Structures are given as structure tokens and as C-alpha cells.
Amino acid sequence: MNNQITNVYIWDMDETLILLKSLLNGSYAEAFAGLKDAQKGVEIGKMWEKHILQISDDFFFYEQIENCNKPFLEALSKYDDGQDLSDYDFNQDGFSPPHDDLNKRKLAYRHRIIANKYKQGLHNILDQEMMDVWDALYKMTDEYTDGWLSSARALLEQCLAGNEDPTICNTIAGGVVRSNATGSRHINVLVTSGSLIPSLVKCLLFRLDNLISHENVYSSWDVGKLQCFQWIKERFDNRNTRFCAIGDGWEECEAAQAMNWPFIKEVAEMQLGQVLLNNCLSFMLVQTQICRCLKLDV
Numbered sequence: 050m051n052n053q054i055t056n057v058y059i060w061d062m063d064e065t066l067i068l069l070k071s072l073l074n075g076s077y078a079e080a081f082a083g084l085k086d087a088q089k090g091v092e093i094g095k096m097w098e099k100h101i102l103q104i105s106d107d108f109f110f111y112e113q114i115e116n117c118n119k120p121f122l123e124a125l126s127k128y129d130d131g132q133d134l135s136d137y138d139f140n141q142d143g144f145s146p147p148h149d150d151l152n153k154r155k156l157a158y159r160h161r162i163i164a165n166k167y168k169q170g171l172h173n174i175l176d177q178e179m180m181d182v183w184d185a186l187y188k189m190t191d192e193y194t195d196g197w198l199s200s201a202r203a204l205l206e207q208c209l210a211g212n213e214d215p216t217i218c219n220t221i222a223g224g225v226v227r228s229n230a231t232g233s234r235h236i237n238v239l240v241t242s243g244s245l246i247p248s249l250v251k252c253l254l255f256r257l258d259n260l261i262s263h264e265n266v267y268s269s270w271d272v273g274k275l276q277c278f279q280w281i282k283e284r285f286d287n288r289n290t291r292f293c294a295i296g297d298g299w300e301e302c303e304a305a306q307a308m309n310w311p312f313i314k315e316v317a318e319m320q321l322g323q324v325l326l327n328n329c330l331s332f333m334l335v336q337t338q339i340c341r342c343l344k345l346d347v
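Residues 50 to 347 in this note's numbering are what the sequence shown lists, from first letter to last.
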């Protein structure tokens, strides 16, 4: 549809959609002037850190490809010849840092498996005992942070709904919604400064995978956020596309300014600056700002 409006929301991850660094260094608890148990926050952060690295290594080849970070999973897709990988031995294929076409193909194979596992979800990867541990940690974190994680999920869902009546919206797995009423399309994209594989695992562990598809996760670790923003514009841009960046750091702010996109300094700063403000209200404020930037009805 030539007149279809596409709204693309470009999110930062850490201290925006999830909390981890501020738990580990105690800054989240410090903002509450003694009302939060700082040590508990540190312990929660360490548990997340452990699970992220363990799952990255055990199921997503991170131990093999840690030094081969790419900005997105499709970066080497042209090297993937489509070989059936069901009996492929990834521990015996002689993979080394991909400076030549052969090793780029081997890395592309790994990226294909990672993409498939992401689409399948953790319930098809982890055993029930680990699922229970993960579920308990998520609930503990959400309670400790006064609903930060669940509020972030709700905001992503609201952005995808685009303020349309949910009864007239068709949700497509991976964070894309098309509205039957207006023909509009709403897309969540993640641009994180972390390396790609742990960032994908974070999306899974923090229950963002049905709201942000694997092809919409970008790592700016090596290339910077401006380059990622430029790729996103090239990928989605037409005269009916509107972009909005949401984050808490200077780099995404400057990148958005360079692209002439609206930028919303998001919840983390508002929450830390207004300790008594409920997280849900903070996220609602961000949603209102997004709608105004994109000239949606509020």
C-alpha cells in the first residue's frame, strides 16, 4: 500500500527498557535515598549477568564468536549458502575469526541458528527448572523496581498498537503491527551499545522477543549509533515513514539530531529525578511524548 504510514520506534536497551547497570553499581537504589535495599539490587543484577552470559555461551555460540561482533544478524547473510545445518558440527568446523569468505560463511551459519533460536523462544531452549528460576528472577526484579520491566513491555505494546482500538489491529510476531483501520504499520527497533549476542539474549530473558524481532536488533558496539540509525533509515524509509528515537544517553541523542529525528530522553532520568513518581506514570508520559512527536492522536 503506497500510502501506508510506517512509524518506527528506535529504542535504547540498558537503563531504558531494562535495568542492569544501575542495579549492579547501586545507582538505582541510591536514587531512593535509603528506601531501597542497595545490596539486594546488586545481587539481582549479578544474577541477571550470570544468566545472560551462561545462556549466551551455552546456546548462542558466544564463547566461540565473542570477538566477532557484528552490528546485526543479517550482516553476513550473503555468505550463507543455505546448507542444511541439522547435522552440522559447530565444534569441529575449524571456525576462526572471519577474515576470509570461508569463516564468514561459518559465522553466517551460526547467525542463522541464533536467529532460529530467538524465534523459537527460551521455552524451547531451557529446561523447566531453568524456566522456573528465570520466571522467579523476572518477578523479583519487577517487584524491586516497582514494575519497571512490565511497564516497559506495556509501553512497547502501546507503541505497536499505535493508539488504535486493539480489536482492529493485527499483531505480527516480532514487534510489527498493522492496523486494519488506517493501514498504518508500527515497528519497534532496538539499537544497543552492547555486543549483539548478549543483547539478543537480554531481549529473550527480559521478555521483549515478541515485541522486537531478531532482525530489528542492532549493536552499535563497533560502528556507533549514527551508523545504525542510517542503516535503519535506508531499510525502512519512504515518504510515509516517521522515526522516533527513545533513550537515555548522549550518543543516541546526537545521532537522532543528525538524522533530524525527534528524540525522547526517556524514563531512567525521569525516574531517578522524581523518585516518588510511579514507573507506570513515567512510561505513560513517554508514550504521550512519542505520540506528539509522530503526530498521533493522544
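The hints are simulated quantities; they were obtained by calculation from the structure and are not laboratory data. Treat each hint with caution, since some may be false.
To be verified - Simulated crosslink set (DSS-like; lysine-lysine; CA at most 27 angstroms straight-line):
(1) Lys153 x Lys95
(2) Lys85 x Lys153
(3) Lys166 x Lys85
(4) Lys168 x Lys153
(5) Lys153 x Lys188
(6) Lys89 x Lys99
(7) Lys89 x Lys188
(8) Lys85 x Lys168
(9) Lys188 x Lys127
(10) Lys153 x Lys166
(11) Lys99 x Lys127
(12) Lys85 x Lys95
(13) Lys85 x Lys282
(14) Lys188 x Lys70
(15) Lys127 x Lys95
(16) Lys166 x Lys127
(17) Lys70 x Lys99
(18) Lys188 x Lys168
(19) Lys314 x Lys282
(20) Lys314 x Lys153
(21) Lys70 x Lys95
Stated by the list, open to error - Distance ranges between label pairs, derived from CB positions:
(22) Gly83 x Asp142: 49 to 59 angstroms
(23) Arg288 x Ala87: 44 to 54 angstroms
(24) Gly273 x Lys314: 37 to 47 angstroms
(25) Lys188 x Ser76: 18 to 28 angstroms
(26) Lys168 x Asp138: 20 to 30 angstroms
Quantities reported herein were computed from a predicted structural model and do not represent experimental measurements. Beta carbons: idealized from backbone N, C-alpha and C, even for Gly.
Hints versus structure:
1. As the CA atoms of Lys153 and Lys95 are separated by approximately 34 angstroms, the hinted pair breaks the 27 angstroms bound.
2. Restraint check for Lys85 and Lys153: the C-alpha separation of about 47 angstroms exceeds 27 angstroms, so the hint is violated.
3. At roughly 36 angstroms between alpha-carbon atoms, Lys166 and Lys85 are farther apart than 27 angstroms, so this suggested pair is violated.
4. Pair hint Lys168 plus Lys153 holds up; C-alpha atoms about 23 angstroms apart against a cutoff of 27 angstroms.
5. Proposed proximity of Lys153 and Lys188 is contradicted: the alpha carbons are some 40 angstroms apart, above 27 angstroms.
6. For the proposed pair Lys89 and Lys99, the alpha carbon gap of about 15 angstroms is at most 27 angstroms, so the pair holds.
7. Distance check on the hinted pair: Lys89 and Lys188 sit about 14 angstroms apart at the alpha-carbon level, within 27 angstroms; holds.
8. Between the alpha carbons of Lys85 and Lys168 the distance comes to roughly 36 angstroms, so the proposed pair goes past 27 angstroms and is violated.
9. As the CA atoms of Lys188 and Lys127 are separated by approximately 41 angstroms, the hinted pair breaks the 27 angstroms bound.
10. Pair hint Lys153 plus Lys166 holds up; C-alpha atoms about 20 angstroms apart against a cutoff of 27 angstroms.
11. A threshold of 27 angstroms between alpha carbons decides the hint, and for Lys99 with Lys127 the separation of about 34 angstroms lies outside it, so the pair is violated.
12. Taking the CA atoms of Lys85 and Lys95, the gap is near 17 angstroms; set against the 27 angstroms cutoff, the hint holds.
13. At most 27 angstroms may separate the alpha-carbon atoms for a hinted pair to count; Lys85 and Lys282 exceed this at roughly 41 angstroms.
14. Restraint check for Lys188 and Lys70: the C-alpha separation of about 18 angstroms stays at or below 27 angstroms, so the hint holds.
15. Between Lys127 and Lys95, the direct Cα distance comes to roughly 38 angstroms. Violation of the 27 angstroms bound is thereby established for this hinted pair.
16. At roughly 20 angstroms between alpha-carbon atoms, Lys166 and Lys127 fall within 27 angstroms of each other, so this suggested pair holds.
17. Our distance criterion of 27 angstroms between C-alpha atoms is met by Lys70 and Lys99, whose separation comes to about 13 angstroms.
18. Under the criterion of a C-alpha separation no larger than 27 angstroms, the hint pairing Lys188 with Lys168 is consistent with the structure, at around 23 angstroms.
19. For a cut-off of 27 angstroms, the pair hint linking Lys314 to Lys282 stands: about 20 angstroms separates their Cα positions.
20. Under the criterion of a C-alpha separation no larger than 27 angstroms, the hint pairing Lys314 with Lys153 is inconsistent with the structure, at around 38 angstroms.
21. Under the criterion of a C-alpha separation no larger than 27 angstroms, the hint pairing Lys70 with Lys95 is consistent with the structure, at around 10 angstroms.
22. Checked against the hint of 49 to 59 angstroms, the pair Gly83 and Asp142 passes, with Cβ atoms roughly 54 angstroms apart.
23. Between Arg288 and Ala87 the CB atoms are about 50 angstroms apart, so this pair conforms to the stated range of 44 to 54 angstroms.
24. Hint check: Gly273 to Lys314, Cβ distance near 19 angstroms, so the stated range 37 to 47 angstroms is violated.
25. The hinted range of 18 to 28 angstroms is satisfied by Lys188 and Ser76, whose Cβ atoms lie roughly 23 angstroms apart.
26. The given range of 20 to 30 angstroms is respected by Lys168 and Asp138, whose C-beta atoms sit roughly 23 angstroms from each other.
Of the numbered hints listed earlier, those contradicted by the structure are 1, 2, 3, 5, 8, 9, 11, 13, 15, 20 and 24.
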